[in-house]
Structure formats: C-alpha cells, structure tokens
Amino acid sequence: MNLKLIAVLCVVAAAACGQDVLIRGGKVIPCKGAELAEADVLVRNGRIEAVGKGLTTDGSASVVDARGRVVMPGFVLAHTSEGMDRTNEMVPVTPYISVLDGVDPSRPFFEDCLRDGHLTIALMPGERTIIGGTGVILRPHGLVVEDLLQSDNAGMKLSLIPSAGNRAAHLAKLRAALDDAKQHMERKQAESGATASGNVRFDLEAFQLDRRKRELARMLRGEIPAWIACGTPADVDQALRLVEEYKLKARLVLGGGTWRAFPLLTGKNMPVILDSEFEFRETDPETGEEVIRNLPQLLKKAGVKFAVTTAPSSLGRRYLWYQAASLVRAGLSREEALAAVTCDAADAIGLGARKGSLEVGKDADILVLTDDPLSGRAWVEVGIIGGKVAYERSKDPRLTEIFGAGK
Amino acid sequence: MRAMQSLMLVLVGTLTLSAQTVIKAAKAHLGDGRVIAPAWVSVEGGRITAVSAESLSGDEVIDCGAGEITPGFIDAWSSAGLARGDNENEEGREVTPQVDVAGLYEVRHVSVKRRLAQGVTSLLVHPGTRAVISGAAIVVPTAVDATAPRHEGAFLCVTLGLDPAMGNSGGQGGGFYSRRPNSRMGVVYDVRAAFTQVREALKSGQAIDATLAPLAAALKGTTTVIWYTETEKEIWTALRLIEELQIPRNICAGAVRASAAALELKARGVPVLLGEQHWPQYAQRRGRGGLDEHDHDHAGHLHEVTPEVRARLAALAQTGMTHPIDTSEEGLFDLGQDCCMAPGVGAGVVSTDRNRIPVTTQARELVRAGVLCAFASGGDTEGVHLIDYARFAVRDGLDAARALSMLTLEPARILGIAANKGSLEAGKDADLVVFNGDPLSPGSRPVLVMEEGRIVVRPLAAKGE
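Chains as they are written, first to last, in my numbering: chain W, 1 to 407; chain B, 1 to 465.
Hints are computed from structural coordinates only; laboratory data are not their basis.
Chain B stretches covered by chain W per the calculated footprint, using a threshold of three residues with CB under 8 Å from any CB of chain W: (1) 392 to 402; (2) 435 to 447.
Non-contacting residues of chain B with respect to chain W, defined by C-beta distances greater than 12 Å in every case (computed): (3) 19; (4) 37; (5) 55; (6) 65; (7) 100; (8) 189; (9) 204; (10) 207; (11) 209; (12) 212; (13) 219; (14) 455.
Yeah, the Cβ is synthetic: ideal placement off N, Cα and C, and Gly gets one too.
Working from the sequences, and respecting the hints, build out all of it.
As structure tokens, this is what we get:
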C-alpha cells in the first residue's frame, strides 16, 4: 500500500469537515489551563477555534448542547497492541513489518475505544520479539484502516524483554541488527555520492535489502522514534545506553518491575509510558512478605512525567478514565491524573502539539461526558473526532441492547 | 528503600481494643441503605455499641477526617487463604462431600492479606471447582486464624459444567486418568446419582455412609447447596436439579449470564453470587465452557414470556420453596415484585450475544427481577478490587446504596450471618472499612479496616510516615 497516498487521503478527510461545531454550556476541563464552568468550545475546520464563555457563530454551525455535562479532550491511549490478530511475528527481528497490515477495524476493540472516549490510539507491535516492527497512530472511527489512520509510522518497537534465551544474547541480536542497518545506511550514503556511469542495472537484491532495512535506518537517522519495552531495571539501563550509543529518539514502555530504575530517568526528559497495573507486587526475599510498590508515586518522586496504558480484559483497567482515577487513588493530584491520559499522553507519543488538550489550534478531538471523568460514573455522551461527531451514546446500538432504550 | 514502601500494609494481628473506641468520619454508609453524616461509631468488646450522626465519646477517638465508613465487605465466594487457591480440591474422586476446607485456611496467606487490604472482613472459602461435589465451604472472619470456622458444614459445593471434566485424558476410558466425567452430561449424572442414592436411603430408612452425610443434610435443608455454574445452561441445569431432587436451600455462584435466568431464579428463591468473570475477560477465556458459540440460543423459549411459562412460574411460586435464609429484611429494597413477570426484563434484554453482558449490568437486571444477589471475587485474588464491582454497577444504573449492600448486607443475608454481619448497627460485630472519600468513587481507597473490633489494616501513610 502506498503510504503517501494514505497520508494524502488523511489530509483530504480532515479538510472535508468544514462545518463549525459549537459545544455549548458545559463544564470545560481543558487539561491545560483552568477548568471553566458553563463554557463553550467552538470547532472550525476540524480544529479548536475558541474556548470561552458566550461564544457565538453563524447559523450554519451545528450545536452540541453540553449543559450539565463535562467537556474535555479525547483520551489518548499511548500504547496498545490490541485491535489486530497477532501482536508479533514469530521471528526475532522484523523491522520491516507494520501493524498497519494487521489492523482490523471491525474488532470490538475499536468500537469500545470510541465508546470509552479513547480517541487517539498508539497501536504498536507486541513485546515478544526483539524488533517488532513499526506502529501507527489511529482514531477509532472508520471501516477501513485508511479511515482510522492519523499517522502511518509512529515508530519502531524494540523489546528488551527476552522471550527466550538469555538477556545477553537478546541484546547482542538487537545490537547486531542495529549495526547491520547502520552499515547499510553508510553504504547507501557512499553509493549515492558516486555518479552512475554506463548502464544502470536494477539490482533486485539491493532493492530487497533496502526494503528490509529501510525503517530501521529511518529510526537510526532519528526520523522515527524507537519505542523500547522494558521489564526490569537492567532493561531501563540498557535502553538508556542504546539511546546514547545510537543517538535514538526514544520512548520507554515500562513494566512495573522496572521501578528500581526510575531514578535513572530523572532529568532525562524521556517520554515514558507506564503499564496498566499501577501497583507492583513483589515478595520480600528476607521476610517472604508481599510488598506493594506504588509506581505512580515512585515516578513522581523521580520527577518523571508519564502516560498510562490499559488492559482490555480487566473490569476497570480497560478505561482510561478509571486509570486516571486510580492515579488519584495512588496519591496523585487531579491535574496530574488527567494529564496522564490526555496532554502528557499526547506528549509521550509525540503528538503534544495536536492532541491532548482543549487549546486553540489543536485537533478537535473532544468528549462530552455525563459526569466528571474521575467520578467513576461518567459515560461518553458525544465523541467528536477531527471536528466531526463520531459517537453519540443515544445512538449506540450496543448500549441500547444492554440497557434498553431508556438509558 | 523502606521509605518507598508507602503502600505497604501492616497487619496488627494481636491488638485487641478492650476499651471503648470511637471512630469519627464525615459519613457512614450503614449497609442497609441508610447514610448518616457526620458519623460516629463506637466499638467495645468487638461489637458496635452505637452508631450516630451526633457526637459519641469514648476512651479513644480515631478521627478519620473526611473519610467515609462502610460495613466490612463480605466476599461470599472465594478461595482466599488456600495454598492452591481454587485448585485446592481433592481430585481423586468426583464426589467428595466429606472434604472440608476447615483447618486449611491460612490467615497468613498473601491472598488473605490482599482481601483485608480491600476491606473484606468475612469470607466464604470454597474447596475448589474441580470435583463434581467438592465438599464443605466455610465462612470465616478474614483475619482470624480460623481453625474452628463459625459455620462448619453449612455449605456444600457442587460444580456443574466442564471444570470437573478437565484434566483427564478422555479417549476410550478405563485408564487411570479417564475415570472422571468427560462431559457436562457426565458431571450432571454424578450429581444426580449421589443425591438420588442418599434420597432413596433416607426414604427407606437405611443407614447412610458417613461420607455421604452432607448430602443428606442438603436434602433435609440443614445445609445450603452452592451450585457453581459457568454458563447460562448450567444455571438451567442447577434449577432443574433443585426441582427434581427437592433441595430446599440453594445458592448459585459464578453465574455468568444469570440475568437471563432471572425469572426462574426468583421463582425458585435462589440467590446469586455474581463476579469473577466479566466482560470481556470471559469472552477471551478458553477451554472452560465459556466460549461456546452453540450456547447462544439455548433456552430460547424464555426469550418471550409465554402464557405457559407464566403459568409454570406461578406454580413454582405456589410450591412455597422460597429461599429460607434470613428473609426478615425482605422489602428493605422493595423494587417491585411484578418486575419479574414483565416481558423483556431478565430474558429479552440479553437475548443476543450474552457473552458480552457485563456482570455489573447483570446485577441491575437481577435486582430488578427481585433476585437476592451479591458480588463475590470467585478465585480472583489479585486483579480486581471487590468494591469495583459496586462502582461499576452504579455506573451501569444500579442505586448506590443497593450496590454497596451487595458487598455487605446482601451477602450476609445469603450466607445467613446477617444477625452479626453486613451492616453498621449497634449489637453487630465491629467490622468496618474507612475510605479516604466516597467508597464508590474509584479514586478512593481504604485507610483503615477493623474486624471484630481489631484494627487489622492501616496503611503506613495513615500513621504519619
């Protein structure tokens, strides 16, 4: 599939939604800046045009009545491997595959994301291989993958968690792949300097070699970030070394077991995405007692901003609003908790300029909720993606089926 | 490093408060639907001596500030405290009614500490679901070294479905590993055979083998049978067996898709313990009978309430076989008895794709139909906080007081311990949890747990670290 064509289609789709939308009279939680009671949000050309009280527009705008409701930016799911059938190809090094080819828009996962207000989704390969391939940024709305696409290459997934064999071998294979791609890059560079003479022959082998290494080369040139999954404190240390050595632009995807390495991240300004379980349980080797580590507090103590992920098979952890409430339960402030599922999450996936807050000029990805997002009782009433109403609870057939037409 | 353990919980096992202690908080949810604010609860000798919205004095006052008090939670279907969790049971035979988990409960087990940290102060511990009749469950105070359970032998656990049929080699039979039932049919046969044998013996006045005595107690109604079911069809099977064997006291546990059987459960007076499996985790489970595509149209005749079904329900109600446990407080949450006969409730609502009905939504349907029900953790000791079931039930439209009662008074009534447990009331055991805010808000957590007057959990942070 031609990725450039997809990008063009995305731009066309964004430009097509010309009609203004006025979201009127709700309690506005911008997630950057102060909360506003009974305020309006004006959307024009798919972007936020204005936020404030008493906004007006010409008669052509469609009005969303948000009185008695809460208006906030769409949640940003900063890392997931749901929505496709297999999360990893069972070959250790596959930088040339993309989740783009595995996304199944008809999966209930996307429907649930829309219903739950997860309007931006970073979909990455899983953690079971060394180099998993490239990921994408999606919106949970559309029938074919082109409809869903926000960014066709969000970065390369690396995993430092050995699925089999030992850690040293795992790391050696990773380095070998990176060095190989680096050499390939340098060779290409040298070749491009030489002028072609005589008959230029199409070199199929070189073409295929290039195709297999191209994305890794892009990562090494800093054009796309590396998403590095870490399971232990040593993994975090290694990740930081790799970033330094190969001059990578990186994001860290951290499991709870990495908590001892959190101080290493202080002052690094490295985007961090925390696993969905915020309490890490371990057994004290001396006493045999279970000790619970409060991961959000430990990250806060280390001065690290972070995004959080979800666990779709869990009662609560499948919702980002619940995850935010859990951060409050762990002792974070309301603002910090909401930031971890909106603006900080957008920053973590490199979309901070476009997503994650209700600021003028940002993408109009907006939720109208029935209640405060941290109350535990909120439902998404209206979901707006890129200025278009993508979800209305009153028209959700699934909820009608469960709750009857009254709810 | 130790300073980082801000959430580490302390177990104060031996501290007994003999003097009068008063707990002061911003609000108390009494468990029976009432809320008082502010709240004072005085405790002496392990029992609640007074609950008041006005100031009470005592030898010691624990001021919980903006905290809110609830009764201690009751986990009415769990495998906490067992070294092997829900795989504890004896698997040498299919029918082991003589097996009893009393004496196996380990109060120091990590699963017990996790329950206490969640505010669970009473537990029903079952002997597993891998045998057809797996034995006696016990009801224990969570933090007490319960070598002598309070209600020994009062509950007999029966597993329907495929759990007992798992783990054998199948094939031609005759081998050591293929003794056990291989199918639902075989499981049900074992239940029927065991009960029928005992019933016939009782009728003819023959002596009953001591190992089968618990079955006789179940037939006489001195023991309650807990039917563990995983799919809707197993609930129907349980109801059929209850009717056929004339077993007076019953509870349905596990109960996935119980809301589809709400009418029948109500008519039979069978209370329901909901939980453990929930959407979409249930749909993702494999090999446990859950993901059976052919289940969907089972019992399709109930999707609309025909005159015949109405007549049958009316006849069932006439048999007088309503739930005999602790119905004195019936009417406390009177949600309209006629609900259960209304077409669409219980049956019609869930007529398609039942695998995806969240358990909390089912709670709402069951409550509407007038079925006594409670949330319970099942075998899950780590992932889910029991209070989250109530939180999600409220989000799904259940009344907040009712949702809380499904962790407190309702399970107490189902287990027959409501005289001492389940609500904040003078004279009852001093089992309570203090949250640092609204217990039904997911941002709140327990900051103090008291069981029978003893403070059993108090996070270090609350002690000023």
